[in-house]
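> Residues per chain are reported as follows:
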Amino acid sequence: MIEESEALRALTDALLPGGEGFPAGSETGMVPLLMMRLRAVDGTLPARLLAAVSAQGPLPETAAGWHEAATRLEALEPRMFDDLRKYAYLTYYELPPVITAIRALGMLYNVAPLPDGYPTEPFDMERDAPRHQRGGWIATDAVKPVDLSHLDVEGFR
Amino acid sequence: MSKLDHADVVIIGAGASGAIHSLVLAEAGLRVVCLDQGGWTAPAAHPHFSADFQYQRHNRWSPEPSVRRGDDDYPVEGNQSHALMWNGIGGSTNVYAALWPRFRPSDFRKGDEHGLAPNWPITYEDLAPFYDDADRLIGVSGLTGDPGMPPRSPYPVGPLPFRSSGRAIARGFDNLGWHWWPMPAGVISESYDGRAGCNGCGNCASGCPRGSMAKMSITLWPKALDAGVDLRAGARVERIETGPDGRATGVVYVDRATRTRFEQTADVVILAANGVGSPRMLLMSESARHPNGLGNANDVVGRYLLHHTLVAAEIWVDEPINSHIGNSGAVVSSEFAETDVSRGFINGFNFNVARTGPAAAAAIGSFGRSAMPWGEGHHAWFKRHFGRSFGAYAIGDDLPQASNRVTLSKTETDNDGLPAAKLYYVPHENDTRMMKYGMERLRDLARAVNAFDVAVTDYYEDGVYRTPAWHMLGTCRMGDNPETSVVNKWHQSWEVPNLYVCDGSSFTTGGVVNPTSTVTALALRNAQHLAENFRVLREAKVAQA
Numbered sequence: 001m002i003e004e005s006e007a008l009r010a011l012t013d014a015l016l017p018g019g020e021g022f023p024a025g026s027e028t029g030m031v032p033l034l035m036m037r038l039r040a041v042d043g044t045l046p047a048r049l050l051a052a053v054s055a056q057g058p059l060p061e062t063a064a065g066w067h068e069a070a071t072r073l074e075a076l077e078p079r080m081f082d083d084l085r086k087y088a089y090l091t092y093y094e095l096p097p098v099i100t101a102i103r104a105l106g107m108l109y110n111v112a113p114l115p116d117g118y119p120t121e122p123f124d125m126e127r128d129a130p131r132h133q134r135g136g137w138i139a140t141d142a143v144k145p146v147d148l149s150h151l152d153v154e155g156f157r
Numbered sequence: 001m002s003k004l005d006h007a008d009v010v011i012i013g014a015g016a017s018g019a020i021h022s023l024v025l026a027e028a029g030l031r032v033v034c035l036d037q038g039g040w041t042a043p044a045a046h047p048h049f050s051a052d053f054q055y056q057r058h059n060r061w062s063p064e065p066s067v068r069r070g071d072d073d074y075p076v077e078g079n080q081s082h083a084l085m086w087n088g089i090g091g092s093t094n095v096y097a098a099l100w101p102r103f104r105p106s107d108f109r110k111g112d113e114h115g116l117a118p119n120w121p122i123t124y125e126d127l128a129p130f131y132d133d134a135d136r137l138i139g140v141s142g143l144t145g146d147p148g149m150p151p152r153s154p155y156p157v158g159p160l161p162f163r164s165s166g167r168a169i170a171r172g173f174d175n176l177g178w179h180w181w182p183m184p185a186g187v188i189s190e191s192y193d194g195r196a197g198c199n200g201c202g203n204c205a206s207g208c209p210r211g212s213m214a215k216m217s218i219t220l221w222p223k224a225l226d227a228g229v230d231l232r233a234g235a236r237v238e239r240i241e242t243g244p245d246g247r248a249t250g251v252v253y254v255d256r257a258t259r260t261r262f263e264q265t266a267d268v269v270i271l272a273a274n275g276v277g278s279p280r281m282l283l284m285s286e287s288a289r290h291p292n293g294l295g296n297a298n299d300v301v302g303r304y305l306l307h308h309t310l311v312a313a314e315i316w317v318d319e320p321i322n323s324h325i326g327n328s329g330a331v332v333s334s335e336f337a338e339t340d341v342s343r344g345f346i347n348g349f350n351f352n353v354a355r356t357g358p359a360a361a362a363a364i365g366s367f368g369r370s371a372m373p374w375g376e377g378h379h380a381w382f383k384r385h386f387g388r389s390f391g392a393y394a395i396g397d398d399l400p401q402a403s404n405r406v407t408l409s410k411t412e413t414d415n416d417g418l419p420a421a422k423l424y425y426v427p428h429e430n431d432t433r434m435m436k437y438g439m440e441r442l443r444d445l446a447r448a449v450n451a452f453d454v455a456v457t458d459y460y461e462d463g464v465y466r467t468p469a470w471h472m473l474g475t476c477r478m479g480d481n482p483e484t485s486v487v488n489k490w491h492q493s494w495e496v497p498n499l500y501v502c503d504g505s506s507f508t509t510g511g512v513v514n515p516t517s518t519v520t521a522l523a524l525r526n527a528q529h530l531a532e533n534f535r536v537l538r539e540a541k542v543a544q545a
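Read top to bottom, the protein sequences are chains A and B. With the numbering used here applied, the first sequence covers 1 to 157. With the numbering used here applied, the second sequence covers 1 to 545.
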């Protein structure tokens with residue numbers, strides 16, 4: 001069990017190593033939550049992840065080694081890797097240190113959509129309404145048979 | 001089994017159609033019982049108030065019952081479809097996008113146009129007044145004057161905030177010389193009918209607990225209850241019963257809380273359980289008199305399943321457009337909606353152009369195969385891309401094919417032992433051509449906005465087209481020929497004249513738009529017809545063409 005957790009921590013940091021103002025995955029405290037979510041997908045998923053990495057040889061001891069392990073996992077077990085990545089991203093981007101990092105980019109970003117929502121600026125008819133007169137439609141009485149003879153589609157001939 | 005007091009009308013399903021039928025028929029003074037296998041979804045139960053709202057979208061708030069696996073649900077088998085479905089009061093309006101464009105006049109006349117799909121038994125003009133009335137009943141936002149659509153009455157409220165995202169998208173269409181218009185939405189831009197206007201929270205994907213987006217448990221059901229509807233939640237209908245005269249006598253259902261079975265008799269049965277649930281119910285109601293399922297002597301029930309064709313692109317632009325803020329739908333374009341055989345296919349498609357959502361949705365890829373890279377480059381990629389994208393869907397009119405269908409599973413059941421639904425869907429060659437063409441136009445759009453990145457997806461997985469168009473249509477289709485349709489132009493079963501089927505399953509063809517606006521217009525038309533003619537229709541012995 002400890003090995004599963006340690007392997008998941010290392011894989012998380014391989015996926016989300018930190019940088020550009022964003023924390024590494026393990027620094028957010030996401031690993032236990034991710035473990036729980038992976039088990040909700042499939043109770044054996046963390047163990048299978050560990051087994052898939054172990055099958056490559058001794059568990060890596062460096063970040064570069066885990067990056068290599070994740071690369072091979074993506075190639076050899078794409079569905080398992082997709083689950084890992086999907087739930088890692090879903091978990092990472094809900095956590096406070098990451099929300100703080102997103103806000104530091106200069107954008108409004110709420111932890112949860114409600115109750116606050118976002119400032120709204122009403123539709124501005126002068127600025128936002130279409131100016132073009134493009135578009136058309138065929139009235140009921142104007143619908144006419146089209147020529148299918150040039151369409152080389154099975155069932156049309 | 002307990003027998004309950006006789007009703008004038010029993011309605012199966014409390015979604016958009018069931019709510020409208022219930023309201024109109026109860027206001028007409030009829031005794032209406034509405035049954036839904038699911039329960040109420042309280043506003044606080046939506047994920048919008050939780051930091052894990054994006055995670056919840058992928059399990060308990062997934063639009064797909066087979067992912068959600070809720071007690072209220074039944075499984076939906078099949079790896080070629082994504083079925084958007086919510087079983088509960090309000091139905092799938094608990095978890096839809098509420099994009100509200102209408103069908104076009106030509107959508108009803110495909111039989112005249114090319115004959116590879118039938119005409120609807122009604123025209124756009126038949127339905128237009130009910131579109132208008134349904135919009136007022138529900139609360140729809142939009143901008144009149146669209147030259148790409150027939151004239152219409154004013155929207156109940158003006159268009160939603162366009163935001164920088166809408167303006168960036170519109171510039172692309174202008175650069176191409178293509179039609180575009182602000183997306184009509186079942187989301188109110190200002191207070192309407194006692195509900196608050198949208199506050200741009202950006203999580204339309206999981207419904208709307210504020211009621212700004214039309215969620216029928218908030219929008220309509222309080223009025224229907226005031227009108228006297230007997231609404232029973234957790235009432236799972238097992239079958240529709242018929243009598244010796246071939247008419248429906250009512251339904252048998254299980255109250256899931258007490259495990260008690262009831263028989264609810266009624267003069268008229270209305271089936272409004274969606275494009276999968278309605279054919280499933282008819283097929284489950286087989287009997288010695290109806291060995292192929294109820295209303296299915298012609299073997300049409302469940303066939304002609306339509307999902308819409310769908311291909312999509314996520315398109316990234318340099319300018320920050322805060323694409324995580326605001327309602328999902330931004331722009332609709334009907335530039336390619338009408339048939340033009342010079343394109344190499346018949347029928348057409350619309351563009352639905354949408355905002356792309358919050359950070360995790362962006363990271364895992366909102367539009368298919370555009371998951372952010374992992375590893376050293378992840379954060380730089382995020383900084384460059386997040387808040388700068390929009391999603392464009394080409395949503396097309398797929399050809400109805402008898403082989404695409406809903407059947408009953410032979411192996412899976414719901415938790416009451418009723419058979420799961422099984423879906424089979426393979427697009428027609430014409431549909432495939434339309435999708436390829438749509439993908440090229442999506443690339444045109446990306447170029448027109450000077451996109452620095454684009455990810456186009458055809459939604460093929462391991463060689464299987466697995467459409468996420470979500471819509472489930474056509475499986476109990478309307479028609480004027482009893483041999484090739486399930487119901488007549490008034491949704492009346494050809495075979496069981498006091499049985500009505502009115503929901504997405506009633507569609508004859510799918511059009512190029514999200515279906516709920518048309519579902520509500522059809523429901524309002526049918527409910528008013530029933531209310532005005534109930535004395536005659538309750539005793540109907542035959543369905544007229």
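Since the hints were made in silico from the structure, they are not lab data. All values derive from a computational prediction rather than experimental measurement. Please note that the accuracy of each hint is not assured.
Only some residues are given here: those of chain B computed to face chain A with a beta carbon under 8 Å [what the hints assert, rightly or not]:
| id | residue |
| --- | --- |
| 1 | His48 |
| 2 | Asp146 |
| 3 | Asp245 |
| 4 | Ile325 |
| 5 | Ser334 |
List time: in silico EDC-like cross-link candidates among lysine to aspartate or glutamate, alpha-carbon distance up to 20 Å [said to hold, decoys possible]:
| id | chain 1 | residue 1 | chain 2 | residue 2 |
| --- | --- | --- | --- | --- |
| 6 | B | Lys541 | B | Asp462 |
| 7 | B | Lys436 | B | Glu376 |
| 8 | A | Lys144 | B | Asp52 |
| 9 | A | Lys86 | B | Glu125 |
| 10 | B | Lys422 | B | Asp193 |
| 11 | A | Lys86 | A | Asp152 |
| 12 | A | Lys86 | B | Glu461 |
| 13 | A | Lys86 | B | Glu483 |
| 14 | B | Lys223 | B | Asp255 |
| 15 | B | Lys436 | A | Glu20 |
| 16 | B | Lys383 | A | Glu20 |
| 17 | A | Lys144 | B | Asp340 |
| 18 | A | Lys86 | B | Asp340 |
| 19 | A | Lys86 | B | Asp462 |
| 20 | B | Lys436 | B | Glu532 |
| 21 | B | Lys383 | A | Asp13 |
| 22 | A | Lys144 | B | Glu125 |
| 23 | B | Lys436 | B | Glu461 |
We put the CB at the ideal spot given by N, CA and C, even for glycine.
> A separate judgement is required for each hint: does it hold in the structure or not?
Okay, the hints, checked on the actual structure:
1. Here the hint on B/His48 is kept, as its CB sits about 4 Å from the closest CB of chain A, short of 8 Å.
2. With its C-beta approaching chain A no nearer than about 7 Å, B/Asp146 sits inside the 8 Å limit, and its interface hint holds.
3. Interface restraint check: B/Asp245 against chain A, minimum CB-CB distance 38 Å, threshold 8 Å, status violated.
4. The criterion of a C-beta within 8 Å of any C-beta in chain A is met by B/Ile325, whose closest approach is roughly 5 Å, and the hint holds.
5. Restraint check, B/Ser334 versus chain A: the minimum CB separation of about 6 Å is within 8 Å; hint holds.
6. For the hint linking B/Lys541 to B/Asp462, the alpha-carbon distance of about 50 Å lies beyond 20 Å, and the restraint is violated.
7. For the hint pairing B/Lys436 with B/Glu376, the CA-to-CA distance comes to about 34 Å; that exceeds 20 Å, so the pair is violated.
8. Restraint check for A/Lys144 and B/Asp52: the C-alpha separation of about 52 Å exceeds 20 Å, so the hint is violated.
9. Only pairs whose Cα atoms come within 20 Å are accepted, and A/Lys86 paired with B/Glu125 is rejected, the gap being roughly 47 Å.
10. A C-alpha spacing of about 40 Å is found between B/Lys422 and B/Asp193, which places the hinted pair above 20 Å, so the restraint is violated.
11. Taken as a hint, the A/Lys86 and A/Asp152 pair is broken in the structure, with Cα atoms around 42 Å apart against an allowance of 20 Å.
12. Among the hinted pairs, A/Lys86 with B/Glu461 is consistent with the structure: their alpha-carbon atoms are about 17 Å apart, no more than 20 Å.
13. With a C-alpha separation of about 48 Å, the suggested pairing of A/Lys86 with B/Glu483 is violated against the 20 Å cut-off.
14. Taking the CA atoms of B/Lys223 and B/Asp255, the gap is about 24 Å. The hint is violated against a cut of 20 Å.
15. Proposed proximity of B/Lys436 and A/Glu20 is contradicted: the alpha carbons are some 38 Å apart, above 20 Å.
16. At roughly 8 Å between alpha-carbon atoms, B/Lys383 and A/Glu20 fall within 20 Å of each other, so this suggested pair holds.
17. Of the supplied pair hints, the one linking A/Lys144 and B/Asp340 holds, its CA atoms being roughly 12 Å apart against a limit of 20 Å.
18. Proposed proximity of A/Lys86 and B/Asp340 is contradicted: the alpha carbons are some 41 Å apart, above 20 Å.
19. Pair hint A/Lys86 plus B/Asp462 holds up; C-alpha atoms about 19 Å apart against a cutoff of 20 Å.
20. At roughly 47 Å between alpha-carbon atoms, B/Lys436 and B/Glu532 are farther apart than 20 Å, so this suggested pair is violated.
21. With a C-alpha separation of about 18 Å, the suggested pair B/Lys383 and A/Asp13 falls inside the 20 Å cut-off, and the hint holds.
22. Of the supplied pair hints, the one linking A/Lys144 and B/Glu125 holds, its CA atoms being roughly 17 Å apart against a limit of 20 Å.
23. Distance check on the hinted pair: B/Lys436 and B/Glu461 sit about 16 Å apart at the alpha-carbon level, within 20 Å; holds.
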